[in-house]
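Colleague: Letter by letter, the chains look like this.
2 protein chains.
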Amino acid sequence: MIATTEKPARRGRGARKTARQARDFTMLPALKRKLPLTEPMDAEQIERLDAASMHILENVGVVFRDPIALDDWRRMGARVMDETVFLDRGLVRELIKTIPETFTYHARNPQNNLPFGRDHAIFVPMTGAPFLRDLDDVRRNPTLEDLANFHKLAHMLPALHSSAHHIVEPYDHPISQRHLRITYSSMKHSDKTFMGMTTSPRNAEDVLDMCAILFGADYLEDHPVVTGNCNGNSPLVWDETMLGAMRAFCRRNQPVLCSPFVLGGANTPASVAPAVAQLNAEALSALAYTQVIRKGAPAIYGHYLSTVSMKSGAPMAGTPEIGLMNMMIGQMARYYGVPWRSSANLGGAKTFDAQAGYESASTLMALQMAGTNYMWHAAGWNEAGMHCSMAKFVVDAEQCAMAYRMAEGVRWDDFDEAVAAVADIGPGGHYLGHPHTLENFQRAFFMPDLFDNNSIEQWQTEGGLDVNERALAYTRDLLNAYEEPKLEAGVDEALRDYIARREREIPAADALNQEY
Amino acid sequence: MIATTEKPARRGRGARKTARQARDFTMLPALKRKLPLTEPMDAEQIERLDAASMHILENVGVVFRDPIALDDWRRMGARVMDETVFLDRGLVRELIKTIPETFTYHARNPQNNLPFGRDHAIFVPMTGAPFLRDLDDVRRNPTLEDLANFHKLAHMLPALHSSAHHIVEPYDHPISQRHLRITYSSMKHSDKTFMGMTTSPRNAEDVLDMCAILFGADYLEDHPVVTGNCNGNSPLVWDETMLGAMRAFCRRNQPVLCSPFVLGGANTPASVAPAVAQLNAEALSALAYTQVIRKGAPAIYGHYLSTVSMKSGAPMAGTPEIGLMNMMIGQMARYYGVPWRSSANLGGAKTFDAQAGYESASTLMALQMAGTNYMWHAAGWNEAGMHCSMAKFVVDAEQCAMAYRMAEGVRWDDFDEAVAAVADIGPGGHYLGHPHTLENFQRAFFMPDLFDNNSIEQWQTEGGLDVNERALAYTRDLLNAYEEPKLEAGVDEALRDYIARREREIPAADALNQEY
Numbered sequence: 001m002i003a004t005t006e007k008p009a010r011r012g013r014g015a016r017k018t019a020r021q022a023r024d025f026t027m028l029p030a031l032k033r034k035l036p037l038t039e040p041m042d043a044e045q046i047e048r049l050d051a052a053s054m055h056i057l058e059n060v061g062v063v064f065r066d067p068i069a070l071d072d073w074r075r076m077g078a079r080v081m082d083e084t085v086f087l088d089r090g091l092v093r094e095l096i097k098t099i100p101e102t103f104t105y106h107a108r109n110p111q112n113n114l115p116f117g118r119d120h121a122i123f124v125p126m127t128g129a130p131f132l133r134d135l136d137d138v139r140r141n142p143t144l145e146d147l148a149n150f151h152k153l154a155h156m157l158p159a160l161h162s163s164a165h166h167i168v169e170p171y172d173h174p175i176s177q178r179h180l181r182i183t184y185s186s187m188k189h190s191d192k193t194f195m196g197m198t199t200s201p202r203n204a205e206d207v208l209d210m211c212a213i214l215f216g217a218d219y220l221e222d223h224p225v226v227t228g229n230c231n232g233n234s235p236l237v238w239d240e241t242m243l244g245a246m247r248a249f250c251r252r253n254q255p256v257l258c259s260p261f262v263l264g265g266a267n268t269p270a271s272v273a274p275a276v277a278q279l280n281a282e283a284l285s286a287l288a289y290t291q292v293i294r295k296g297a298p299a300i301y302g303h304y305l306s307t308v309s310m311k312s313g314a315p316m317a318g319t320p321e322i323g324l325m326n327m328m329i330g331q332m333a334r335y336y337g338v339p340w341r342s343s344a345n346l347g348g349a350k351t352f353d354a355q356a357g358y359e360s361a362s363t364l365m366a367l368q369m370a371g372t373n374y375m376w377h378a379a380g381w382n383e384a385g386m387h388c389s390m391a392k393f394v395v396d397a398e399q400c401a402m403a404y405r406m407a408e409g410v411r412w413d414d415f416d417e418a419v420a421a422v423a424d425i426g427p428g429g430h431y432l433g434h435p436h437t438l439e440n441f442q443r444a445f446f447m448p449d450l451f452d453n454n455s456i457e458q459w460q461t462e463g464g465l466d467v468n469e470r471a472l473a474y475t476r477d478l479l480n481a482y483e484e485p486k487l488e489a490g491v492d493e494a495l496r497d498y499i500a501r502r503e504r505e506i507p508a509a510d511a512l513n514q515e516y
Numbered sequence: 001m002i003a004t005t006e007k008p009a010r011r012g013r014g015a016r017k018t019a020r021q022a023r024d025f026t027m028l029p030a031l032k033r034k035l036p037l038t039e040p041m042d043a044e045q046i047e048r049l050d051a052a053s054m055h056i057l058e059n060v061g062v063v064f065r066d067p068i069a070l071d072d073w074r075r076m077g078a079r080v081m082d083e084t085v086f087l088d089r090g091l092v093r094e095l096i097k098t099i100p101e102t103f104t105y106h107a108r109n110p111q112n113n114l115p116f117g118r119d120h121a122i123f124v125p126m127t128g129a130p131f132l133r134d135l136d137d138v139r140r141n142p143t144l145e146d147l148a149n150f151h152k153l154a155h156m157l158p159a160l161h162s163s164a165h166h167i168v169e170p171y172d173h174p175i176s177q178r179h180l181r182i183t184y185s186s187m188k189h190s191d192k193t194f195m196g197m198t199t200s201p202r203n204a205e206d207v208l209d210m211c212a213i214l215f216g217a218d219y220l221e222d223h224p225v226v227t228g229n230c231n232g233n234s235p236l237v238w239d240e241t242m243l244g245a246m247r248a249f250c251r252r253n254q255p256v257l258c259s260p261f262v263l264g265g266a267n268t269p270a271s272v273a274p275a276v277a278q279l280n281a282e283a284l285s286a287l288a289y290t291q292v293i294r295k296g297a298p299a300i301y302g303h304y305l306s307t308v309s310m311k312s313g314a315p316m317a318g319t320p321e322i323g324l325m326n327m328m329i330g331q332m333a334r335y336y337g338v339p340w341r342s343s344a345n346l347g348g349a350k351t352f353d354a355q356a357g358y359e360s361a362s363t364l365m366a367l368q369m370a371g372t373n374y375m376w377h378a379a380g381w382n383e384a385g386m387h388c389s390m391a392k393f394v395v396d397a398e399q400c401a402m403a404y405r406m407a408e409g410v411r412w413d414d415f416d417e418a419v420a421a422v423a424d425i426g427p428g429g430h431y432l433g434h435p436h437t438l439e440n441f442q443r444a445f446f447m448p449d450l451f452d453n454n455s456i457e458q459w460q461t462e463g464g465l466d467v468n469e470r471a472l473a474y475t476r477d478l479l480n481a482y483e484e485p486k487l488e489a490g491v492d493e494a495l496r497d498y499i500a501r502r503e504r505e506i507p508a509a510d511a512l513n514q515e516y
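Chains A and B, in that order, are what the protein sequence lines are.
So in this note's numbering, spot 363 of the first sequence is number 363, and the numbers just go up one at a time.
So in this note's numbering, spot 64 of the second sequence is number 64, and the numbers just go up one at a time.
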């Protein structure tokens with residue numbers, strides 16, 4: 001269904017300038033939401049859920065497959081049996097108290113700094129896809145160039161607040177050294193905030209060293225600049241790789257997402273509220289551990305959350321229970337006073353078809369009503385995360401802009417003036433030429449670039465393209481209009497030197513043996 | 001992208017029975033929602049909006065292009081100048097007080113009766129499409145047979161609560177007589193509730209006469225059995241055709257939707273809150289008139305609501321402002337104590353592509369959060385209502401089932417039992433074989449029939465079909481499994497006699513001259 005297979009043309013500065021002028025690439029500020037939240041639990045149900053989670057932490061315990069963490073917990077007075085840590089609710093509550101409820105993300109372009117937590121929300125692209133659907137809609141393994149293209153798109157799309165990290169896995173570089181190139185690509189192609197690889201403790205240290213080069217080592221001490229993600233293994237297990245990476249981030253005072261990886265019904269009970277009770281226990285155990293590592297370190301209540309089809313065992317997206325669980329998790333995170341992350345715009349479809357649209361919009365709308373602070377996987381995710389679609393990436397980003405607009409709520413500043421216009425126009429008239437309309441039409445109603453609302457005749461005249469085809473053409477245009485926000489020459493050189501040194505030190509041949 | 005072009009095969013009773021046994025076609029009861037509503041306005045803003053609407057009714061006035069209505073209003077003491085009626089807020093409030101906040105829809109199968117209003121919601125298919133996308137994904141003018149197929153699907157799909165009326169326009173029958181065949185098709189192919197044509201006052205009388213044959217004339221007096229829709233011409237105009245049809249429905253005590261037809265920015269001010277203020281005034285003027293016609297007659301606060309692209313003038317679907325306006329309208333309807341209707345699952349796409357999915361899901365989710373009682377256009381709507389898609393019809397119906405599930409909220413009945421399962425399984429285990437899972441997996445997490453969540457390999461093995469292709473195959477299967485809920489022979493004969501008589505009386509040749 002591809003209209004054209006030509007590659008993005010190399011165009012001159014003039015053409016790029018024209019394309020740039022046609023669109024505003026300025027990043028939207030961090031969303032400050034005003035729409036009321038959807039809170040399905042009353043105070044008693046929140047306390048019931050909290051009590052169940054605390055009961056699990058105290059009596060079932062959490063496995064930390066990591067000698068350092070076990071020592072840390074013993075030192076904190078927790079009961080440890082083999083690898084299982086039993087966490088007293090008093091200790092957990094005491095520890096999570098020092099997690100900052102709000103902080104500011106600092107980007108290398110200070111105009112892209114982001115207040116974070118409470119009513120603020122940010123949209124972050126998907127990461128971790130082993131495949132992409134490329135500009136020709138071909139599903140294949142990605143390269144560093146593909147990754148760079150996604151970082152460029154994340155840089156340009158106004159509702160995306162981060163360039164993330166390995167949006168797609170660059171298979172053309174040895175896995176053992178990949179984190180260095182991924183980090184450099186995030187830093188180089190965008191001046192928004194980004195994410196840091198947590199594929200091993202040492203890799204995390206490399207990322208943080210590169211952040212220290214970009215921002216200054218002292219600066220990191222007081223300024224969150226990067227986000228690491230640590231996945232748990234539900235039910236109730238944290239492993240050494242993730243905990244080691246967590247320690248690296250916490251020690252440098254950089255935010256970590258504490259993310260149980262939940263496939264509802266497979267690694268949780270097959271029921272909404274009990275699944276959240278388990279997930280909540282898991283998140284709390286990691287959040288508490290961040291404060292054992294460093295009191296006051298920024299940490300984010302996270303999770304990856306899917307429900308499993310009991311027919312096939314496959315994870316599903318866009319189902320009603322995912323929405324409900326997100327709404328409940330939001331309530332728990334606010335109960336504990338901790339910012340939280342969820343996953344937006346998820347899809348399980350194999351192509352960018354209507355299924356992908358329904359799933360993504362259902363997930364995004366539920367997250368927005370739930371009040372998620374860190375809206376991860378907000379662009380490109382399809383096929384249960386197995387591929388990132390270039391077409392879906394730009395459409396999702398526009399959906400984020402629409403969700404943003406909705407969450408801002410209703411403005412009343414022109415109410416009296418506009419109601420007066422009703423008298424001007426009177427019954428049977430129309431408003432298109434009225435001064436209030438002329439003054440307000442640009443901001444009044446969102447006009448999507450990627451949705452076609454023309455008549456079928458107009459649409460046919462323009463080639464009869466579906467949204468996948470239109471989005472691919474749009475993506476080509478964007479990439480042609482890209483302008484690099486140049487790194488300072490000295491910083492760029494220092495980053496390249498660091499990468500060169502580390503690549504000499506890390507054997508590329510170990511690629512396949514390294515845990516990933 | 002069609003996998004097969006073969007027509008639905010004629011199959012024997014055995015095959016139909018097998019297909020039926022595989023799926024449960026039992027209608028879901030009217031949804032009783034438990035999820036909290038999203039209410040963007042505080043009490044002061046609701047009163048500000050109410051005051052603005054009342055100011056419009058008192059000072060700008062509403063045009064009733066209908067001598068009978070103008071006489072009625074004069075009789076009620078309203079100031080009438082030419083065709084403009086100025087409605088005092090006291091009179092409006094007094095009149096709308098007698099609109100029932102709740103009532104029960106009665107279907108010819110009493111098991112399909114529907115409590116309606118307040119927390120109850122029902123899903124009703126789209127209507128009025130001049131084209132369909134058929135089982136071969138061909139866009140063409142519909143026939144009575146196509147309409148019958150949609151009525152059959154509406155009958156079978158559990159989350160649809162009504163067979164509606166002219167889901168598609170049957171072009172193979174003279175327009176002047178079409179309302180008779182449409183009504184008969186709704187009544188014959190489904191035993192759920194349905195809608196009644198309002199294309200002229202006389203057509204409405206025909207529909208109501210047919211309802212009297214189906215249910216008994218006395219029965220109608222105390223039992224809502226059918227719904228009529230009366231569109232307004234925004235801004236602030238009601239015409240003779242609609243008002244005449246409204247009188248027919250109200251006199252027989254049958255519910256009417258009072259639906260301003262709003263293209264935000266074109267026939268309202270270009271701003272969210274002022275557009276709702278105007279729409280609210282329009283709806284109130286018609287709601288008040290229903291009570292002039294007959295005190296206590298059931299009436300529903302309605303509207304068709306789109307925003308207009310200020311680039312092209314085209315109506316848009318799935319935009320954030322439509323969501324916000326719906327949430328506000330819900331608050332106003334509840335403020336007045338009147339049930340309300342909105343439009344779900346709208347799409348502006350020309351094919352059943354990802355755009356259609358995003359738009360539909362965004363609209364549906366917003367409506368669900370807004371607490372809409374009568375979710376019209378909930379299946380099939382695409383291309384801004386210009387076509388009804390057979391594929392989208394069944395996918396939308398499944399989306400309604402998912403929205404239904406979400407709106408039911410969280411159940412806690414198995415909470416303690418399932419939390420106990422966490423201790424049984426312990427860290428690192430899995431739940432698939434646990435007794436709680438085995439007992440609960442069927443109801444725990446929604447498993448869509450029409451979304452594919454399998455691996456890409458499995459999906460390819462099964463033909464690599466997108467959701468449009470899968471939905472068309474699914475629709476063929478459904479139609480093959482259809483069993484007609486037979487009308488009682490005497491009633492059927494009386495209906496046919498009525499149609500035959502009226503078709504002798506109504507000249508088919510007038511077809512093109514009749515207002516429609």
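Simulated from the structure, these hints should not be mistaken for lab results.
Please read all numbers here as calculations on a predicted model, not as lab measurements.
Possibly wrong hints are sitting among the right ones.
[To be verified] Partial pick of chain A residues on the chain B-facing surface, computed with a CB cut under 8 Å:
id, residue
1, Tyr184
2, Ser360
3, Phe415
Cβ atoms here follow ideal geometry from the backbone N, Cα and C, with glycine treated the same way.
Colleague: Hints first: check each against the structure and report whether it holds.
Modeller: A quick look at each hint next to the structure:
With its C-beta approaching chain B no nearer than about 31 Å, Tyr184 (chain A) sits outside the 8 Å limit, and its interface hint is violated. Interface hint at Ser360 (chain A): satisfied, since its Cβ lies 7 Å from the closest Cβ of chain B, which is below the 8 Å cut-off. Proximity of Phe415 (chain A) to chain B holds as hinted, the smallest CB-CB distance being about 5 Å (cut-off 8 Å).
In terms of the numbered hints stated before, the structure departs from hint 1 and from no other.
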